[in-house]
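Colleague: Given these sequences and hints, build the entire structure.
So the protein lines, in turn, are chains A and B.
Under this note's numbering, think of the first position of the first sequence as 1, with each following residue one higher.
Under this note's numbering, think of the first position of the second sequence as 196, with each following residue one higher.
No lab work stands behind these hints: they were computed from the structure.
If you're wondering where the values come from, they're calculated on a predicted model, not measured in any experiment.
Accuracy of the hints is not assured; some may be wrong.
Some, not all, of what chain A presents toward chain B, calculated at C-beta under 10 Å [as the list claims (entries may be wrong)]:
1. Q107
2. N109
3. D172
4. P173
5. L194
In silico EDC-like links for lysine to aspartate or glutamate, alpha-carbon gap of 20 Å or less [claimed, not checked]:
6. A:K192 - A:D48
7. A:K192 - B:D485
8. A:K90 - A:D111
9. A:K192 - A:D10
10. A:K177 - B:D328
11. A:K51 - A:E193
12. A:K161 - A:D10
13. A:K51 - A:E165
14. A:K177 - B:D485
Pairwise CB distance ranges (calculated) [said to hold, decoys possible]:
15. A:T45 - B:S488: 25 to 33 Å
16. A:A73 - B:A302: 35 to 43 Å
17. B:A421 - A:D150: 44 to 52 Å
18. A:A160 - B:S488: 30 to 38 Å
Every residue gets a Cβ at the ideal spot worked out from N, C-alpha and C, and that includes glycine.
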Amino acid sequence: MRKGLLINLDRCSGCDSCIVACKLENDLPLGHFYNKVIAVGPTGTFPDVEKYWLPSQCQQCENPACVHVCPTAASYRDPETGMVLIDKEKCIGCQYCIYACPYGVRQFNEDAGVVQKCTLCAQITADGDGVPACVHNCNCGARFFGDYDDPDSDVCRELAKYPDEAIHTLPDPGNAKPLTRYILSPKIASWKELV
Amino acid sequence: MAIQWPLVLFSLLAGGAGGLLAFTGLSELLGGSRTVRRRASWVALALLVVGGLASVAHLASPLHAISAVTNLLSFSGISIELMLLGANFIVGAAYLGLTREGDGGAATKVFAVLAVVCGIAIGFFCGHGYVIDAQPTWSTETLPLAYLGTALALGAFLYALVAGLAKKPAGAEVARADSSDGAPAATVVASELGGKLWLAVLVCCALDAVGIVAYGLFLGFDAAGAHGALFWGGCVVVGVAGVLACGVAGMTAAATKAPVPLAAVGAACAFVGGIALRMLMWAAATGYLDLFSHTVPSVMLNL
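Modeller: Laid out in structure tokens, this is it:
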């Protein structure tokens, strides 16, 4: 099982509802985030100008560097769901996972003394029924959650609607194998590698 | 990225302690003063303790260090550093125990070899833990080489300093020092490592220079030069030129005339250069895709 997010950038309007929903659901204080939305662009020259929004959060890597460097096994990949999580009881706050994450989507919570990141709302999704708050509250229906190994899951059914050239992952500097997929059709905008 | 001072201090002090122990081992194997070796071992143990305490300061709570210790077999970068920290401490303490009443016999030779191996290893692996794909400015083997070089240079000059300060060594193995009447400090230093102490120091200085220059070249002059004071001042002028100058001076008459000041200045240069290199590593870190740092959250909601 490989549970993760699929984000359809053709539909994303950059409204930041996912950020708000995440902060409310996970009770994140001021300045703390599990996800953010990046504006990519505008690029090009008028009238050929394009821009898209890139919601960013933990990419749920299949070979996560954050897990490999963790000295206490606090960062781990759930063998049942494939979700990359943090056991805050084990986290010692050394922050090596932050340095090792290729995407910079982990934050150190100085008050709690632990590293935090997107949990795919494990408090909601652990029983296998619910979806993360960002997915549930996405105004544009751009976010999907499910098992990439299940052809009937929301993510696989949405992916099946698009050709390969519209399906992207963030660039991988090593062999982390980010699971999160982004849909961006060339007619909307050209995918930028950002590196 | 913000400079992580506890890690900067830990890696240099622990690495320097490793260098000191490595020189202690070499002295045991090649010849030198037992008094100098024992004093150097005490200094190394002190540096290991201070360095270890500095690393604990990086954690959210000092008690969390226990969790790291109980998960040593994760073989993460931190675990390997901890293993080597412990190994160096054990080797140093065991050497002190064995030589307490005199020559410990064959066992001391074994621990001398272990001291050389562990002492070099901790310098290297304190830098190797940072070689990760997610940090393009760290992802090079020149980084642990630079960590090793700076640590060995510091350890080498500290050993020369300890030797220079040991003006009245005990033990018959320092016959040349005992017969000296004009410059006891110089003769004690000269007798260390079978008379090859300053040559060994120079080798470490060369490693220091090669490591720093190699890492600087990897970063590129634009990236390194963006932190001009650190790179050109701390790393190049003090860490390379200063250290090399002291190392070369050790091969001249200056080593006979003023071994203690020379060793002290060399150790100071190696310390400053080592700190500057580590600061540069943190300051030049960019991350691969530092997504959260680029984001401007919604102005409308002022999140």
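Colleague: Give a verdict on every hint.
Modeller: Going through the hints against the structure:
1. Q107: Constraint on Q107 of chain A satisfied, holds at 7 Å.
2. N109: 9 Å, holds
3. D172: At 8 Å from the nearest chain B Cβ, D172 of chain A passes the 10 Å test, so the hint holds.
4. P173: Status holds, d = 4 Å.
5. L194: 6 Å, holds
6. A:K192 - A:D48: At roughly 16 Å apart (the allowed maximum being 20 Å), D48 of chain A and K192 of chain A satisfy the hint.
7. A:K192 - B:D485: Distance of about 15 Å is within 20 Å: holds.
8. A:K90 - A:D111: The hint holds at about 16 Å.
9. A:K192 - A:D10: Holds, at roughly 14 Å.
10. A:K177 - B:D328: It holds: about 13 Å lies between the C-alpha atoms, which stays within 20 Å.
11. A:K51 - A:E193: Holds: K51 of chain A and E193 of chain A sit about 14 Å apart, inside 20 Å.
12. A:K161 - A:D10: With Cα atoms ~12 Å apart, K161 of chain A and D10 of chain A stay inside 20 Å; holds.
13. A:K51 - A:E165: Since the Cα atoms of K51 of chain A and E165 of chain A sit roughly 18 Å apart, the hinted pair holds (cutoff 20 Å).
14. A:K177 - B:D485: Given pair K177 of chain A, D485 of chain B holds - Cα atoms ~17 Å apart, limit 20 Å.
15. A:T45 - B:S488: 25 to 33 Å: With Cβ atoms ~28 Å apart, the hint holds.
16. A:A73 - B:A302: 35 to 43 Å: Cβ of A73 of chain A to Cβ of A302 of chain B: about 37 Å, so the range 35 to 43 Å holds.
17. B:A421 - A:D150: 44 to 52 Å: 48 Å, holds
18. A:A160 - B:S488: 30 to 38 Å: 35 Å, holds
Checked against the numbered hints listed earlier, the structure breaks none of them; every hint is satisfied.
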